[in-house]
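Colleague: So the chains spell out like this:
2 protein chains.
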Amino acid sequence: MTESLWSDHVTVADASAVTVALTDAVLDRLLAAPQGLEARVYEAMRYSALAPGKRLRPLLVMAGSRLFGVARVSALQVAAAIEMVHAYSLIHDDLPAMDNSDLRRGRPTCHKQFDDATAVLAGDGLLTMAFQVLSDPDTHGDPAVRCELVAALAAAAGGAGMVGGQMIDLLAEHMPLDIGAVTRLQRMKTGALIAFSCEAGAILAKAPAEPRLALRGYAHDLGLAFQIADDLLDAEGSAEETGKPVGADAAAGKATFVSILGAARARAQAVRLVDHAVAHLDLFAQRAELLRQVARFVVSRKT
Amino acid sequence: MTESLWSDHVTVADASAVTVALTDAVLDRLLAAPQGLEARVYEAMRYSALAPGKRLRPLLVMAGSRLFGVARVSALQVAAAIEMVHAYSLIHDDLPAMDNSDLRRGRPTCHKQFDDATAVLAGDGLLTMAFQVLSDPDTHGDPAVRCELVAALAAAAGGAGMVGGQMIDLLAEHMPLDIGAVTRLQRMKTGALIAFSCEAGAILAKAPAEPRLALRGYAHDLGLAFQIADDLLDAEGSAEETGKPVGADAAAGKATFVSILGAARARAQAVRLVDHAVAHLDLFAQRAELLRQVARFVVSRKT
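Protein chains in written order, with the numbering used here: chain A, 54 to 356; chain B, 54 to 356.
Among these hints, one or two may not hold up.
Where chains are identical, the list cannot tell them apart; a pair therefore holds if satisfied intra-copy or between any two copies.
[To be verified] Dumping the calculated DMTMM-like pairs for lysine to aspartate or glutamate here, alpha-carbon to alpha-carbon at most 25 Å:
#  : residue 1 : residue 2
1  : Lys259    : Asp189
2  : Lys259    : Asp191
3  : Lys165    : Glu226
4  : Lys107    : Glu289
5  : Lys259    : Asp195
6  : Lys107    : Asp231
7  : Lys307    : Glu96
8  : Lys165    : Asp67
9  : Lys307    : Asp191
10 : Lys259    : Glu201
11 : Lys165    : Asp231
12 : Lys165    : Glu342
13 : Lys307    : Asp168
14 : Lys107    : Asp328
15 : Lys107    : Glu226
16 : Lys355    : Glu201
17 : Lys355    : Glu294
18 : Lys355    : Asp287
19 : Lys355    : Glu263
20 : Lys165    : Asp335
By construction, these hints were calculated from the structure, which means they are not laboratory data.
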């Protein structure tokens with residue numbers, strides 16, 4: 054990470070643009086389609102993983118990795134693996150059996166562009182490949198580090214993380230959740246993978262406990278702020294801006310931070326959470342400026 | 054593996070019964086449901102992974118591991134991880150979007166017992182947990198071995214293995230496949246995971262190339278023999294015996310070994326493949342007797 058763009062004074066817009074380009078180049082390489090008939094599932098994997106997006110999780114990986122001087126190639130492998138898991142979760146969540154969404158990132162969802170069966174398989178393939186990437190010596194020379202990455206991703210993505218959170222989210226359509234239950238749901242569904250994104254650099258650098266705990270605190274607050282911003286966009290944004298249908302939560306009768314707190318209190322809470330998130334970064338001094346900017350960007354974004 | 058049941062003279066029936074009991078005990082422990090609302094997805098994961106079954110892949114892991122004196126606890130962790138991946142693949146393959154099957158292992162399929170969304174998530178959760186188990190220090194003390202297991206499972210389960218094979222299988226409903234294409238499809242869809250099951254013991258023992266290649270040859274032939282036997286059961290068996298609907302391949306117009314070769318030639322081919330499989334095991338002498346018996350069992354089974 055020696056480029057000037059990764060200097061202490063880089064703007065979040067510039068860092069984001071660089072991250073998108075670098076991550077997508079790695080994804081393009083890792084998801085190269087083979088010659089056989091199975092190419093179709095790779096096309097679907099590519100369609101979703103390389104769809105236009107913010108690449109927020111890769112940006113967090115890169116911003117967290119620069120704190121410790123992690124090699125760019127290592128950080129990018131992890132960034133690509135996490136983006137694969139994110140893309141898989143969107144594909145499966147959008148399925149008719151789940152949220153039944155037609156639009157994602159401004160384009161037809163994977164099952165609309167291909168078909169339901171191919172979408173199920175594309176999600177399965179992306180999830181599987183994420184673990185393959187993390188276990189690859191290209192990601193890190195030390196197998197203990199690679200194992201820790203695999204274990205941390207599995208914990209974030211599995212029944213105690215994303216999968217469990219999505220299960221609760223589906224049940225929430227049929228039962229009222231209070232603010233504590235919604236908070237737990239979102240910590241599992243989106244917070245766990247965001248937290249892994251923030252901590253990946255520390256794992257790659259074999260960093261000691263203190264900076265790891267600081268990053269965990271940052272990620273904890275950032276994840277909730279991110280979700281509140283997402284709920285606000287669903288309640289107040291437009292499909293043109295967000296690239297996906299809006300108003301879906303309210304239509305489904307789902308409890309969200311906005312439905313429980315109201316928009317004004319939810320927005321104030323998001324701002325407060327970002328302040329808390331940033332406060333965890335003091336020990337990194339100037340080196341964490343990008344992470345601070347990312348946190349502020351998360352609650353001001355329009356997409 | 055010091056029990057008498059793992060002696061050189063154990064019968065496949067006894068070894069199978071012990072493997073079922075031991076594997077299911079590990080699965081029961083690993084899949085313990087938490088207290089929260091997400092318990093529902095764990096119930097679905099347990100329903101499928103602990104459904105009555107032959108546990109053929111765990112049996113191959115155990116039989117392969119005893120060649121090298123691998124610690125039983127290590128072999129069982131890998132056996133449980135592979136069975137999770139097998140169960141996930143059945144759940145997703147049975148979905149309405151895929152094969153739309155109502156019956157599996159003599160019981161309602163996962164999406165029939167729960168619902169489509171829960172079944173998608175249960176499959177996702179099992180796949181994710183398999184990698185978590187392999188990356189766990191309980192599986193092996195050496196992180197390099199754990200990484201190799203993760204990489205090998207991902208290769209067997211992903212786009213170049215199971216996921217890619219299932220993609221081709223879906224496309225095969227709409228196009229005629231010749232014997233070469235069907236062979237490649239089945240090597241990917243079922244052969245790759247069977248091969249990993251056979252090789253896992255060698256990975257756990259850090260065995261040299263020669264025994265690994267022998268096991269790979271065995272697994273290669275066994276996997277095809279297994280699939281031909283499966284096709285014969287689908288063409289000639291009953292739902293009572295197999296615990297799943299029969300005749301589905303013919304009804305879907307899918308090319309199988311039986312539809313291309315005819316039942317008699319397919320059966321002869323399976324027997325020939327078993328002979329080839331067994332011939333790869335000579336260097337293990339008497340220690341491989343269980344693997345030899347498993348191969349013969351695979352083509353004589355009625356379920």
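Colleague: For Lys165 vs Asp67, is the C-alpha pair at or below 25 Å within one copy, between two copies, both, or neither?
Modeller: For Lys165 and Asp67, the Cα distance exceeds 25 Å both inside one copy (33 Å) and across copies (49 Å).
Colleague: Is it within, between, both, or neither for Lys107 and Asp328, if the alpha carbons may be no more than 25 Å apart?
Modeller: So Lys107 and Asp328 pass the 25 Å test inside one copy only (22 Å; across, 56 Å).
Colleague: Please work out whether the CA atoms of Lys165 and Asp231 approach to 25 Å or closer within one copy, between two copies, in both situations, or in neither?
Modeller: neither (34 Å within a copy, 30 Å between copies)
Colleague: Evaluate Lys355 and Glu201 at a C-alpha cut-off of 25 Å and name the case that applies: within, between, both or neither.
Modeller: neither (35 Å within a copy, 43 Å between copies)
Colleague: Classify it for me, Lys259 with Asp195: is the Cα-Cα distance of at most 25 Å met within a copy, between copies, both or neither?
Modeller: Answer is both: 10 Å inside a copy and 17 Å across each meet the 25 Å cutoff.
Colleague: Between the shortest in-copy and the shortest cross-copy C-alpha distance, which are at most 25 Å for Lys107 and Glu226: within, between, both, or neither?
Modeller: Neither. Shortest intra-copy (28 Å) and inter-copy (38 Å) distances fail the 25 Å Cα cut-off.
Colleague: Please sort Lys355 with Asp287 into within, between, both or neither, judging by C-alpha distance up to 25 Å.
Modeller: Within one copy, since 10 Å is at most 25 Å while 54 Å is not.
Colleague: Could you place Lys307 and Glu96 in one of the four classes (within, between, both, neither) given a Cα distance threshold of 25 Å?
Modeller: Between copies, since 23 Å is at most 25 Å while 33 Å is not.
Colleague: How would you label the pair Lys307, Asp168 (within, between, both, or neither) given a Cα cut-off of 25 Å?
Modeller: Cα proximity of Lys307 and Asp168: across copies only (19 Å, versus 27 Å in one copy).
Colleague: Under a CA distance limit of 25 Å, which applies to Lys355 and Glu263: within one copy, between copies, both, or neither?
Modeller: neither (34 Å within a copy, 59 Å between copies)
Colleague: At most 25 Å between CA atoms: does that hold for Lys259 and Asp191 within a copy, between copies, both, or neither?
Modeller: both (17 Å within a copy, 21 Å between copies)
Colleague: Can you give me the call for Lys259 and Asp189, within, between, both or neither, at a CA distance of at most 25 Å?
Modeller: both (17 Å within a copy, 18 Å between copies)
Checked against the numbered hints listed earlier, the structure breaks hints 6, 8, 9, 11, 12, 15, 16, 19 and 20; every other hint is satisfied.
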